[in-house]
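With the hints as your guide, set chains B, C and D onto chain A.
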Amino acid sequence: MPTKRQLVELQIPSIFGYEKVAMATVTAVALRVGISAERIEDLRTAVAEACINAIEYGNGVGAAAPVVVTISTDALHLLIDVRDLALGSTKPQMGKMVDLQNPPTGPHGNMGLFLIHHLVDKVHIVCRANGTHVHMAMRLPDSVLH
Amino acid sequence: MAQELKVGVRHSAAVTVLDLHGDVTMFAESELTRAYHQAIDDGARALVLNFAGTDYINSAGIAIIISLLTEARTGAVTLVICGLSTHYQKIFRMVGLTQYAEVYDTEDLAVQELKNRGIGESAPV
Amino acid sequence: MSDELQAALRELPQATIIDLHGDVTSFADARLHTSFDNASARGLKYIILNFGGVDYINSAGIATVISILSEARGRGQQLLIVGLNDHYRKIFRMVGVARYAEIFETEAAALDKATDQTSLETSALW
Amino acid sequence: MSSGKQVIHLHIPSELGFEKVAMGAARSVAQKMGFSNDRILDLQTAIAEACTNAIEHGNRLNSAQRVEVVMTVEENALAVDVHDRGRDAQFTEPQIYDHHNHRGMGMYIIKQLVDEVQWSAQPQGGQVRMVIYLEPDAGDSTSPRPQGESGL
Numbered sequence: 001m002p003t004k005r006q007l008v009e010l011q012i013p014s015i016f017g018y019e020k021v022a023m024a025t026v027t028a029v030a031l032r033v034g035i036s037a038e039r040i041e042d043l044r045t046a047v048a049e050a051c052i053n054a055i056e057y058g059n060g061v062g063a064a065a066p067v068v069v070t071i072s073t074d075a076l077h078l079l080i081d082v083r084d085l086a087l088g089s090t091k092p093q094m095g096k097m098v099d100l101q102n103p104p105t106g107p108h109g110n111m112g113l114f115l116i117h118h119l120v121d122k123v124h125i126v127c128r129a130n131g132t133h134v135h136m137a138m139r140l141p142d143s144v145l146h
Numbered sequence: 001m002a003q004e005l006k007v008g009v010r011h012s013a014a015v016t017v018l019d020l021h022g023d024v025t026m027f028a029e030s031e032l033t034r035a036y037h038q039a040i041d042d043g044a045r046a047l048v049l050n051f052a053g054t055d056y057i058n059s060a061g062i063a064i065i066i067s068l069l070t071e072a073r074t075g076a077v078t079l080v081i082c083g084l085s086t087h088y089q090k091i092f093r094m095v096g097l098t099q100y101a102e103v104y105d106t107e108d109l110a111v112q113e114l115k116n117r118g119i120g121e122s123a124p125v
Numbered sequence: 001m002s003d004e005l006q007a008a009l010r011e012l013p014q015a016t017i018i019d020l021h022g023d024v025t026s027f028a029d030a031r032l033h034t035s036f037d038n039a040s041a042r043g044l045k046y047i048i049l050n051f052g053g054v055d056y057i058n059s060a061g062i063a064t065v066i067s068i069l070s071e072a073r074g075r076g077q078q079l080l081i082v083g084l085n086d087h088y089r090k091i092f093r094m095v096g097v098a099r100y101a102e103i104f105e106t107e108a109a110a111l112d113k114a115t116d117q118t119s120l121e122t123s124a125l126w
Numbered sequence: 001m002s003s004g005k006q007v008i009h010l011h012i013p014s015e016l017g018f019e020k021v022a023m024g025a026a027r028s029v030a031q032k033m034g035f036s037n038d039r040i041l042d043l044q045t046a047i048a049e050a051c052t053n054a055i056e057h058g059n060r061l062n063s064a065q066r067v068e069v070v071m072t073v074e075e076n077a078l079a080v081d082v083h084d085r086g087r088d089a090q091f092t093e094p095q096i097y098d099h100h101n102h103r104g105m106g107m108y109i110i111k112q113l114v115d116e117v118q119w120s121a122q123p124q125g126g127q128v129r130m131v132i133y134l135e136p137d138a139g140d141s142t143s144p145r146p147q148g149e150s151g152l
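Chains as they are written, first to last, in the numbering used here: chain A, 1 to 146; chain B, 1 to 125; chain C, 1 to 126; chain D, 1 to 152.
Simulated from the structure, these hints should not be mistaken for laboratory data. Certain hints may be false.
[As the list claims (entries may be wrong)] Derived DSS-like pairs (lysine-lysine); straight-line CA-CA distance at most 30 Å:
#1 A:K122 <-> B:K6
#2 B:K90 <-> B:K115
#3 D:K5 <-> D:K32
#4 D:K5 <-> B:K6
#5 D:K111 <-> D:K5
#6 B:K90 <-> D:K32
#7 B:K6 <-> B:K115
#8 D:K111 <-> D:K32
#9 B:K6 <-> D:K32
#10 C:K45 <-> C:K113
#11 A:K4 <-> A:K122
#12 B:K90 <-> B:K6
If we strip away everything but chain A, and leave its shape as in the complex, we get (with noise of 0.2 Å):
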């Protein structure tokens, strides 16, 4: 993706509820880029799920260490890019593949990632040693793009 563009970068504190300020931040990106107001309630629900994830896994609950969110584009997508610094101490398996047929059933199903498979068009997630890339893409529509 040659003409890649980063536009917003945001960090929040990782504390629950914060997820909010990355939903809001991301909701006004995606109304510049003409994104339909259907799409964007698919993605703010992505976004709230992997900042929670980060919030939960990532950074263990209560640590200082921000959860960032970048925000950028490409020639036929909105990127969401949400990562952790891997400070907490339980992982989920995040990097494998999400049961798209069978949603999770019990309270650590991890239900937050099988929602962000179904939202976004193009979900790709990395995990290292210094924290887990949650990448997402929305296709831009077809009147913004040339």
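Same frame as chain A, now just chains B, C and D:
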């Protein structure tokens, strides 16, 4: 926090409606459980969960709803859902929640359907 | 951009209404001037700027509104402002726009003013 | 929940229109803190003016340069710092605004809307710090907010 969940318990034509106001997240658990048990202790056997006052539900909140549904099923309580936006109706369907509870657009439809089924008629108020 | 200002003219007998939708910022400058010029060309004394479809106005946008106000004054016309929410009504007073243009709660109230004044001036001729 | 200050960092490109991203983020932070809708609108407008000023005059519309918005959540107050990379920081407080200079008007508006504001020139660029306080009850009448015009 300003969006902390508050649940009102209201009786409407022999059906008990739980009005949810605020965010349905992990912070909502004790309030939701409290309201549910208050309704059950009052003798309710047919409950409507009304999400009209909610515009943020996340996976932790969904997990709480699922555990309420499981508890309702065990206790032979009928629980239905109304007031969800189109987006959250889609999400509830996506995660399979609609297999456990009927979802109606409005409270009126939900209450009417429960009455049609004869559920809640004998519930004490 | 989805928030680009749209301006539509409504030509009533007693006043010309400019309905604004979108953001009133520096990007709106050309469109505001053009629509004012079009409204002004009708020659009626009263032009109503309707902000009912606007929820973001910044200082650059206010500067444009002020420059239109003084142009109107130079042409012997008057601008009436309607459709502002409480917040922007406060801001318009704060920066003194309210000194140059009357601000009305509703379009009907502004039209009443235009009608009264128009008939007053017509009768004064006699 | 942890106590003490919580900090949110936001970087936006120096492109007019992106101030709305800062407005949206600030609204969600202020809502979370429990500010009234009126105060949130005041804050949003103040942040919009600070950001457009940083974009236009601080960074001179060079979209490669970013404007940094730092929101610090304290128990009773929200502080918002807007930083640019500008060197022409002639940040004298506006005594009187001029209709033909919307920059001055923007600064005037900020001053009227927030509880505290301070402009400063740092070695790395210009900075404005704005603070609004959570008022437990009916504090509106106590804070002097002079208006340019008495009510209609």
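We went through each hint and held it up to the structure:
For a cut-off of 30 Å, the pair hint linking K122 of chain A to K6 of chain B is broken: about 36 Å separates their Cα positions. Between K90 of chain B and K115 of chain B, the direct Cα distance comes to roughly 26 Å. Compliance with the 30 Å bound is thereby established for this hinted pair. Under the criterion of a C-alpha separation no larger than 30 Å, the hint pairing K5 of chain D with K32 of chain D is consistent with the structure, at around 14 Å. Proposed proximity of K5 of chain D and K6 of chain B is supported: the alpha carbons are some 27 Å apart, at most 30 Å.
Only pairs whose Cα atoms come within 30 Å are accepted, and K111 of chain D paired with K5 of chain D is accepted, the gap being roughly 24 Å. Our distance criterion of 30 Å between C-alpha atoms is met by K90 of chain B and K32 of chain D, whose separation comes to about 26 Å. Proximity of K6 of chain B to K115 of chain B is assessed by CA-CA distance (about 26 Å); at most 30 Å being required, the pair is judged to hold. Under the criterion of a C-alpha separation no larger than 30 Å, the hint pairing K111 of chain D with K32 of chain D is consistent with the structure, at around 24 Å.
With a C-alpha separation of about 15 Å, the suggested pair K6 of chain B and K32 of chain D falls inside the 30 Å cut-off, and the hint holds. A C-alpha spacing of about 12 Å is found between K45 of chain C and K113 of chain C, which places the hinted pair at or below 30 Å, so the restraint holds. Note on K4 of chain A and K122 of chain A: the hinted pairing holds, with a Cα-Cα distance of about 16 Å set against a maximum of 30 Å. For the proposed pair K90 of chain B and K6 of chain B, the alpha carbon gap of about 24 Å is at most 30 Å, so the pair holds.
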